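Line by line, the protein sequences give chains A and B.
The first sequence begins at 99 in our numbering and counts up by one.
The second sequence begins at 428 in our numbering and counts up by one.
Please keep in mind that the hints were generated in silico from the structure rather than gathered at the bench.
Owing to the predicted nature of the structure, the values given are computational and were not obtained by experimental measurement.
Among the hints, erroneous ones may be present.
[Claimed, not checked] List time: in silico DMTMM-like cross-link candidates among lysine to aspartate or glutamate, alpha-carbon distance up to 20 Å:
1. A:Lys175 with A:Glu165
2. A:Lys230 with B:Asp455
3. A:Lys337 with B:Asp551
4. B:Lys552 with B:Glu468
5. A:Lys196 with A:Glu165
6. A:Lys438 with A:Asp405
7. A:Lys161 with A:Asp112
8. A:Lys259 with A:Asp388
9. A:Lys427 with A:Glu503
10. A:Lys438 with A:Glu503
11. A:Lys337 with B:Glu468
12. B:Lys498 with B:Asp599
13. B:Lys539 with A:Glu545
14. A:Lys427 with A:Glu557
15. A:Lys233 with B:Asp551
16. A:Lys390 with A:Asp217
17. A:Lys337 with B:Asp599
18. A:Lys159 with A:Asp197
19. A:Lys435 with A:Glu507
20. A:Lys175 with A:Asp376
21. A:Lys438 with A:Asp376
22. A:Lys159 with B:Asp551
23. A:Lys390 with A:Glu165
24. A:Lys196 with B:Glu468
25. A:Lys233 with A:Glu263
26. A:Lys224 with A:Asp197
27. B:Lys539 with A:Glu165
[Unchecked claim] Pair ranges (Cβ atoms, derived):
28. B:Val518 with A:Lys207: 57 to 65 Å
29. B:Ile487 with A:Val210: 21 to 29 Å
30. A:Thr387 with B:Ile487: 54 to 62 Å
31. A:Val191 with B:Arg453: 33 to 41 Å
32. B:Phe633 with A:Glu503: 48 to 56 Å
33. B:Leu615 with A:Arg100: 41 to 49 Å
34. B:Arg453 with A:His252: 35 to 43 Å
35. A:Phe184 with B:Phe574: 29 to 37 Å
36. A:Lys173 with B:Thr581: 47 to 55 Å
37. B:Arg453 with A:Glu503: 52 to 60 Å
38. A:Lys159 with B:Leu432: 38 to 46 Å
39. A:Asp243 with B:Ile487: 50 to 58 Å
40. A:Lys233 with B:Phe633: 39 to 47 Å
For each residue, glycine too, the CB sits at the ideal point set by N, CA and C.
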Amino acid sequence: MRVMAQMGMVMNLDKCIGCHTCSVTCKQAWTNRAGVEYVWFNNVETRPGQGYPRRYEDQEKWKGGWELNKRGRLKLKAGGRVKKLFGLFASPVQPELKDYYEPWTYDYKTLVDAPLGDDFPVARPKSLITGKDTKITWSANWDDDLGGTEQLGHLDPIVEKVRRESEDKIKFEFEQTFMFYLPRICEHCLNPSCMASCPSGAIYKRVEDGIVLVDQDQCRGWRQCMTGCPYKKIYFNHKTGKAEKCTFCYPRIEVGLPTVCSETCVGRLRYLGLFLYDADAVTAAASVTDPKDLYQSQMDVLLDPNDPAVMAAAREQGIAEDWIEAAQKSPVYALTKVYKLALPLHPEYRTMPMVWYIPPLSPVVDLLRDQGHDAENQDVLFGAIDALRIPVEYLAELFTAGDTELVTEVLRKLAAMRAYMRGISLGNDPDDSIPASVGMDGATMYEMYRLMAIAKYDERYVIPKAHAEQAHDLEEMGCSLDFDGGPGMGAMGNSPFGEASGRPTPVAVETFNALKDRQTSDSVAGADTLSGRVNLLNWDGNGAPPGLFPQHHPTEPPADVPALEGGGGA
Amino acid sequence: MDIILWGVLPYVMIVVLVGGLIWRYRYDQFGWTTRSSQLYESRLLRIGSPVFHFGLLAVIAGHFFGLVIPKSWTEALGMSESLYHFNALFVGSVAGLGTLSGIIILIYRRRKTGPVFMATTNNDKLMYVVLLAAILFGLWTTLASVFFDEHGLTYRDTVSPWFRSLFIFQPDVASMAAAPTSFHIHTLVGMLLFIVWPFTRLVHAFTAPLHYLFRPYIVYRSRDKGASVPNRSGWSDVGTRDRDTRQR
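Extracted from the complex, chain B is given alone in its bound form (with noise of 0.2 Å):
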């Protein structure tokens, strides 16, 4: 069992994430969007969106800290375990309900705005539960590691040396196995996040246009490279009988 949860899903996870974003980037460019509601609603979502995509990306570099950067290298800098801890927790629980109360205000949002969860696609509320969740337990270990001794602070011996041995494909499944069980829910639902990652609007997230700063400001093309295809989901008619058939 641990073999398959710890050895074999994340590679699973690796084939699935990079041949899915391949799969969607050579078939689905038109699809590839933030599919952005501000159109209906821009009140609520100017607060919990930068608040929730800021928090992320701090969670994001958090997560980089604790699972790529061994033990010994901070202790060779001469930052103290507790030191290392206190800051991981402080800023990681900052970033973190950051990002939850972000995600909580945007979802109030689509909820309780009548055209944003008009829509809103199947697709969107799995994903929700999916990103909520992963979020959502996130959180707890981050937690419990403080209230709870059992937990520990034990992740940096036991997840972050699994998390790079795959790396080298020699995946340490028994230090992951010996991590709390809390670790090991996060890191599933994690993997399933980034499972679906390529089959839902999260996609844009791999197109952040960080070339924005280096490209001219004015952008000549071609006629012959703007040839594109005819009758795409974009041509639909108007009406509200739409509503029923939208979902692609």
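Bound conformation, chain A alone (with noise of 0.2 Å):
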């Protein structure tokens, strides 16, 4: 056994309510550059749908993942090393722009500067590729709430599977009833296809945290792994020429930030924290006969951290006691191995993804509500359950390989926890009964309702730091001589070399730290919280602030703002 720690993610797909607030922030924080203008790190998608880009998951097109050969082990879809090797200089299935989006502008330049005439000036859309004008067809979220479903609803490619395997006709009668949104960003996968098809070996899983990075220097832009990965999220810089890839943030996860997404996720969907897996066991788990036993094999890789053998076996690899301590703690460790409510996204594919998901009950009970009926009832919900067989079937492709009996267990267990909820919050005595229908006893059933719905921020975020003995190679980071009149003297600011020299507080410390502040206090955000400086990014419009303007008197500084330190804002 070689234990080694994952970061992870759940999301709880009947919070999401498609808002898209995840994207943009992750946008800003990542892809707003030159070159990635048409790549969402994190996107979300309404299913059914074609998803982004389009119609990713028909892997018979996009060849993505893994196959069993005939001998019974695990192989590229996309073909063996050599293969790969002899379609280096063409990529035989790669996706081109057109299958995510040509990135646009639009030209409000214009809206100023057109000259007077009889029309108005309108803001032409122009292309982010060619700069001339183009005509907007299709984004990355294009078929957002079901846009155009009745005449694309077809193309979802488990809409395709599903329907072929009921062999009737079944029409887009369940679009009504049955919409959920998926958000998706990498699923820094334990057996990742996309590392095994980089030529370069560019791509590689960090030992400290399973979090899968692109080495930019090493990434000679082969672009194999937009290939061999099957959810589409590498994706290619066509201006330097190399691969990226969601980070999942992981300067922030080393100082103990959870990532953008999660941070800024309005639903507060998003639950973070450490797995302990058995590296020497995944190569077995994913070669496993049935696609349907993978969620078990899976399941079985992770380990249990209260588990005497586990933490010895994991101290022996060398993960510190306050990792082994999170990973205890961790809330995605209790969704998926303990109240097993998260699925993984798409286990068919071998890679054995670490983004869980919780599949959405709101469409059900959204369903009964409009019919009339008792909606928090949970044997009319088993009932809705058992007799709404499309929707079960399609989330079954989605993240059980087709296996029914595992969402439906997964939504029975939601239902029930609704209907014993409502009991309880109705001041009737608890009702024992509802929660042993789903094999589970009544405290149980109360964590896992603390935890789905109270989870407050440290529960749901349970994110170790790097270490400090580590922490001298991280990218951002505060100097080590930055200490009170030693050499660093404040790294920024009263620094010898002038103000840009010396290295910056890390910048999602310092704008994290501001935030809370400004949260919990009731005074205006001052020279305390921003060390002197203002970051316009949280000031809140009350007053000015020390530091908003210059100095009347640069020599004499007024006494209350203390000596200059600590970064600018963004």
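Need the complex rebuilt from these two chains, each delivered in its own frame; the hints are there to steer you.
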């Protein structure tokens, strides 16, 4: 047993309202650059829908992920090593820009600069690729909220499959009753096929936290990873000629902060925490014959952090005590292994994805309520879950390689929790027959409810910091000489080599602390929190905090402004 | 003059090539890429690029046989002069024409596909001129030796001994000077190509990922080694304005 730690995420789809805040903040943080205009490390798809890039789940076309060869061994679906090398000169099945969309901006300048005329000036869309006028025909969420599903709904690969298997003509009736949002980031898989596809070996998994990254120096732009990733979450920066992907916001994770998508999630539906897993068991687990067994084999790779044998093995591997503790408190472990609510996205790709999803019950609830049923009653809900064949099959294709039993089980647990907690909040005695009907006891169900519904910040995000003894290697770091009177003397400002010399305070940390102070204090954000500078992103518009305007007498700084130290804002 | 061209220039070329590669490897790993444009267009690329690259590999193999293997060796194997030349011309023409048609498709694509043309730097344009010239003059030497008698099939007695002599630092200037002019031009353009090589996108050839055949599929790396340099050219603003400033 070789115990390794893996940062994981769980998303509770019931809570997703499809607001795209995660996508937008992620884009602002990571892909607001030339060359990656079309790239969304985080995107939110409406299901049923084609997704982004279009129909990425159709692996017969895109050849992503792994499959078993005749001898039952794992093999890249796009072909072995030699075949990959022969396909190097023109990647055989790489998505093109039109499969994502052609990014654009608007010619806003015309609105201001247009000469006087009869016509009202308009801001025309301009392609960010060619710089010329363009016609907008698609985007990363063009079919948002089932827009155009009448015409295009059949193009969803999962719909295709469910229809084919049910063999009768299902109209898109369930579109009105059954719609949910699926936010997607890189899965940071245990058995990543992008990594296996990379001819240069530039994609690597970090030993410490399992985050999958692309070494930008080593990447040579052979583009095989784009084919290899079945989730199509590796993107090509067409300006630098390098592959880029979701970084799990590793600079934030290293200092104990949640990823940007999690931090800004309006529905608070994301959970972050550690898994401990057995790295030696991964290949065997990914090679089980029946795709429907992949969920269970993936669960078996995850180790119980409270098991003394696992703890001892983890220590042996050099996993620190506070990391083991964090793994024990991990909300993602609880949701996947203890409550068995969270399911992996497309386990049949055999990549062992580490971003998990709690399937949505709310479409069922909404449907029942609309039809005048008591949508909080467990019997009604259970009946509906069993009757709504298509939605359950659809979810099963997404999360369990088609095993409807598993999805039903999870949905029944969610339904039981609703009914059980309604009883309690109405002041009745807890009805322990409800949790018993899904094989749980009342106390466990209540704990589950706490984690699902209350879920305070520090319960949702249990992120152990990267170790201080490694801190000198972290990209975002404060200067180690930056103690009072030390040679660093404040990261910026008083430095002998002028304002920009020295290393700045990590922006993530500074912004985070400033925001937290502002949220919890009554006074205007002032010099204390901002180290004598004003970060306009955090300025709430009240008053003029010191440092907003230049000093009138630069030689005599006012007493209430501490020595300039700490970095500026974003 | 002959001494400068055939005695000095080859060594200058080698110094620039090797020095340039070392310099670029050390200081511009981030810029060391194929800069693929497949994202913009892949229909023509899927024909042109493999034809060009596989043709080129055949051409390189042909150069190796022609230049490195002495005439006496093939004769010792019992291969007659005419058989050798028939082989060389046949295989050489096929490979050369393949390479040429490949690069013509690629250049046509580059010019005619809007986004691909926009992504073409001046550096690329210079590289294409030199590369195309090297291929054209190379084909010319092959064809000329068939159709013009005075050219003869003498390169194995002139160019090849000179090429081999370079490696023992005793450049045989006289025998190269005796070669036909078309060979002189092709060799000069070839040396120019190798001089610009490290400074263009052609560098990707030197990191051909053959180690992929032998490495494990899953790569673990410690965070300690993963630390990287902030603020690179990947981090520039979105906007059509970039167009003007994109050439670094």
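### Task
List, from low to high, the hint numbers that the structure doesn't satisfy.
Violated hints (numbers, rising): 2, 5, 7, 9, 13, 15, 16, 17, 20, 22, 25, 27, 29, 30, 33, 34, 38; every other hint is consistent with the structure.
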